[in-house]
Amino acid sequence: DTGVSQDPRHKITKRGQNVTFRCDPISEHNRLYWYRQTLGQGPEFLTYFQNEAQLEKSRLLSDRFSAERPKGSFSTLEIQRTEQGDSAMYLCASSLGLAGALVTDTQYFGPGTRLTVL
Amino acid sequence: KQEVTQIPAALSVPEGENLVLNCSFTDSAIYNLQWFRQDPGKGLTSLLLIQSSQREQTSGRLNASLDKSSGRSTLYIAASQPGDSATYLCAVRDYGGSQGNLIFGKGTKLSVKP
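Chains as they are written, first to last, in our numbering: chain A, 119 to 236; chain B, 47 to 160.
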C-alpha cells in the first residue's frame, strides 16, 4: 500500500500523560499536514511541513503540542500533559506541493489516529 | 475569515435516487475546492478536486460543480447505492492567511436505504 499511513490507529491514555503519533506520507510527497477532527465537525488544520520545514502552525496548536519532520519524510505529533479536550481524531495528509501549483494540489489523507483521554 | 457551510447536515434517500449535496463558502478567493468522503471512524477519501478556473469535474456517478463568484459548490450523485452511505465533506484552499491548509465544512451525512 502506497498511501498515507498513521500509527497507532487508536490510543487511550490517562489525563496528564504524553502521547506521540506517527505519520508516513506518500513517498514522493514533500508537503505534510496535521488536522484534528472532533465528533460531528470537519477537520481543523493544526500545522504543515514542506520537506523538513514547519511552515505554519494554527492557533489550535497550543504549547503542549509539538510536531516534527526531521528528515522530510515521516512526521511525529506529540501532545504533552494530555487533557480530556484533546480527545479527537488526528488526521495526517500529504501532497506533492509543486511551486506555483496550489490550484491543483490534492491532499491525500491517512486513516487517522483516534485519541481518547480518560 | 473563510467559512464553509454544508447543507443539509443529514440526508436519507432510497436507493436509486439522484441527489445533490450543497457547499457554500464566504470568500471567493480560493485556489480550489475538494470533495471528500468519510466512512465512520475512518480517514478521508478524496473524490474530486475543482480548480478555481474550472466549472465542474466528473468521476463516474459523481459530478461536482463550482460557482466561485457566488461561493457555491454542489456534489451530484447519480443513481445512489447503499455503498454511498457516508459523510461527505467539502473543503476550500483559499488565498487567505494560510495557504497550507484546507478549510472544511461540517459535512453532510448521507444514508442510502436499500
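One or more of the hints may lead you astray.
[Stated by the list, open to error] For lysine to aspartate or glutamate, the following DMTMM-like pairs were computed, each having C-alpha atoms within a straight-line distance of at most 25 angstroms: (1) A:Lys129 - B:Asp85; (2) B:Lys152 - A:Asp223; (3) A:Lys132 - A:Asp223; (4) B:Lys152 - B:Glu49; (5) B:Lys47 - A:Glu201; (6) B:Lys152 - A:Glu146; (7) B:Lys47 - A:Glu174; (8) B:Lys88 - A:Asp125; (9) B:Lys88 - A:Asp142; (10) B:Lys88 - A:Glu196; (11) B:Lys159 - B:Asp73; (12) B:Lys47 - B:Asp85; (13) A:Lys175 - B:Glu49; (14) B:Lys88 - A:Glu162; (15) B:Lys159 - B:Glu63; (16) B:Lys152 - A:Glu186; (17) B:Lys47 - A:Glu196; (18) B:Lys47 - B:Asp73; (19) B:Lys88 - A:Asp204; (20) B:Lys114 - B:Glu61; (21) A:Lys129 - A:Asp223; (22) B:Lys159 - B:Asp113; (23) B:Lys159 - A:Asp181; (24) A:Lys175 - B:Asp130.
[Said to hold, decoys possible] Pair ranges (Cβ atoms, derived): (25) A:His128 - B:Ile53: 46 to 56 angstroms; (26) B:Val59 - A:Arg177: 20 to 30 angstroms; (27) B:Lys88 - A:Glu196: 15 to 25 angstroms; (28) A:Lys189 - B:Pro160: 40 to 50 angstroms; (29) B:Ser92 - A:Gln198: 25 to 35 angstroms; (30) B:Gln97 - A:Ser191: 27 to 37 angstroms; (31) B:Thr104 - A:Leu236: 41 to 51 angstroms; (32) A:Asn148 - B:Gly87: 22 to 32 angstroms; (33) A:Gly134 - B:Glu102: 20 to 30 angstroms; (34) A:Pro188 - B:Glu102: 18 to 28 angstroms; (35) B:Asp113 - A:Arg133: 41 to 51 angstroms; (36) B:Gly87 - A:Gln202: 15 to 25 angstroms; (37) B:Ala56 - A:Ile130: 42 to 52 angstroms; (38) A:Arg177 - B:Ser74: 21 to 31 angstroms.
In short, the hints are calculated from the structure, not lab data.
Small disclaimer: the values here were computed from a predicted structure and weren't measured.
Backbone N, C-alpha and C define an ideal beta-carbon position, used for all residues, glycine too.
Verification of the hints:
Of the pairs offered as hints, the one joining A:Lys129 and B:Asp85 holds, with about 19 angstroms between alpha carbons and a cut-off of 25 angstroms not exceeded. The suggested pairing of B:Lys152 with A:Asp223 holds, with an alpha-carbon distance near 22 angstroms, which does not exceed 25 angstroms. A threshold of 25 angstroms between alpha carbons decides the hint, and for A:Lys132 with A:Asp223 the separation of about 38 angstroms lies outside it, so the pair is violated. Distance restraint check for B:Lys152 and B:Glu49: the Cα-Cα separation of roughly 10 angstroms lies within the 25 angstroms cut-off, and the hinted pair is therefore satisfied.
In summary, the hint linking B:Lys47 to A:Glu201 is not supported, as the alpha carbons are separated by about 28 angstroms, beyond the 25 angstroms threshold. Between B:Lys152 and A:Glu146 the CA atoms are separated by roughly 30 angstroms; this puts the pair beyond 25 angstroms, and the hint is violated. A distance of roughly 17 angstroms separates the Cα atoms of B:Lys47 and A:Glu174; the hinted pair therefore holds under the 25 angstroms criterion. The suggested pairing of B:Lys88 with A:Asp125 holds, with an alpha-carbon distance near 13 angstroms, which does not exceed 25 angstroms.
In summary, the hint linking B:Lys88 to A:Asp142 is supported, as the alpha carbons are separated by about 17 angstroms, within the 25 angstroms threshold. Restraint check for B:Lys88 and A:Glu196: the C-alpha separation of about 21 angstroms stays at or below 25 angstroms, so the hint holds. Restraint check for B:Lys159 and B:Asp73: the C-alpha separation of about 36 angstroms exceeds 25 angstroms, so the hint is violated. With a C-alpha separation of about 29 angstroms, the suggested pairing of B:Lys47 with B:Asp85 is violated against the 25 angstroms cut-off.
Taking the CA atoms of A:Lys175 and B:Glu49, the gap is about 19 angstroms. The hint holds against a cut of 25 angstroms. The hinted pair formed by B:Lys88 and A:Glu162 meets the criterion: a straight-line CA distance of about 16 angstroms does not exceed 25 angstroms. A distance of roughly 10 angstroms separates the Cα atoms of B:Lys159 and B:Glu63; the hinted pair therefore holds under the 25 angstroms criterion. Under the criterion of a C-alpha separation no larger than 25 angstroms, the hint pairing B:Lys152 with A:Glu186 is inconsistent with the structure, at around 28 angstroms.
With a C-alpha separation of about 28 angstroms, the suggested pair B:Lys47 and A:Glu196 falls outside the 25 angstroms cut-off, and the hint is violated. Proposed proximity of B:Lys47 and B:Asp73 is supported: the alpha carbons are some 8 angstroms apart, at most 25 angstroms. Between the alpha carbons of B:Lys88 and A:Asp204 the distance comes to roughly 18 angstroms, so the proposed pair stays at or under 25 angstroms and holds. Under the criterion of a C-alpha separation no larger than 25 angstroms, the hint pairing B:Lys114 with B:Glu61 is inconsistent with the structure, at around 31 angstroms.
For the hint linking A:Lys129 to A:Asp223, the alpha-carbon distance of about 31 angstroms lies beyond 25 angstroms, and the restraint is violated. For the given pair, B:Lys159 sits about 31 angstroms from B:Asp113 by alpha-carbon distance, which is inconsistent with the 25 angstroms threshold. For the hint linking B:Lys159 to A:Asp181, the alpha-carbon distance of about 46 angstroms lies beyond 25 angstroms, and the restraint is violated. For the suggested pair A:Lys175 and B:Asp130, the alpha carbons sit about 34 angstroms apart, so the restraint of at most 25 angstroms is broken.
Evaluation of the 46 to 56 angstroms hint for A:His128 and B:Ile53 yields a failure: the beta carbon distance comes to about 32 angstroms. The hinted window of 20 to 30 angstroms between B:Val59 and A:Arg177 is violated, with their beta carbons roughly 39 angstroms apart. Distance hint check for B:Lys88 and A:Glu196: the Cβ-Cβ separation is about 24 angstroms, which falls inside the suggested range of 15 to 25 angstroms. Between A:Lys189 and B:Pro160 the beta carbons are some 49 angstroms apart, a value that agrees with the proposed interval 40 to 50 angstroms.
Checked against the hint of 25 to 35 angstroms, the pair B:Ser92 and A:Gln198 passes, with Cβ atoms roughly 32 angstroms apart. For the pair B:Gln97 and A:Ser191, the beta carbons lie near 29 angstroms from each other, so the given range of 27 to 37 angstroms is met. Against the hinted window of 41 to 51 angstroms, the Cβ-Cβ separation of B:Thr104 and A:Leu236 comes to about 46 angstroms, which satisfies the hint. Between A:Asn148 and B:Gly87 the beta carbon distance is about 29 angstroms. The supplied range of 22 to 32 angstroms therefore holds.
In this structure, A:Gly134 and B:Glu102 break the distance hint of 20 to 30 angstroms, their C-beta atoms being roughly 50 angstroms apart. One distance hint, 18 to 28 angstroms for the beta-carbon pair A:Pro188 and B:Glu102, is violated here, with the actual separation near 42 angstroms. Separated by about 47 angstroms at the C-beta atoms, B:Asp113 and A:Arg133 satisfy the suggested range of 41 to 51 angstroms. Between B:Gly87 and A:Gln202 the CB atoms are about 20 angstroms apart, so this pair conforms to the stated range of 15 to 25 angstroms.
For B:Ala56 paired with A:Ile130, a C-beta distance near 29 angstroms fails the hint of 42 to 52 angstroms. With their beta carbons about 24 angstroms apart, A:Arg177 and B:Ser74 fall inside the hinted range of 21 to 31 angstroms.
Hints 3, 5, 6, 11, 12, 16, 17, 20, 21, 22, 23, 24, 25, 26, 33, 34 and 37, counting from the list given before, are not met by this structure.
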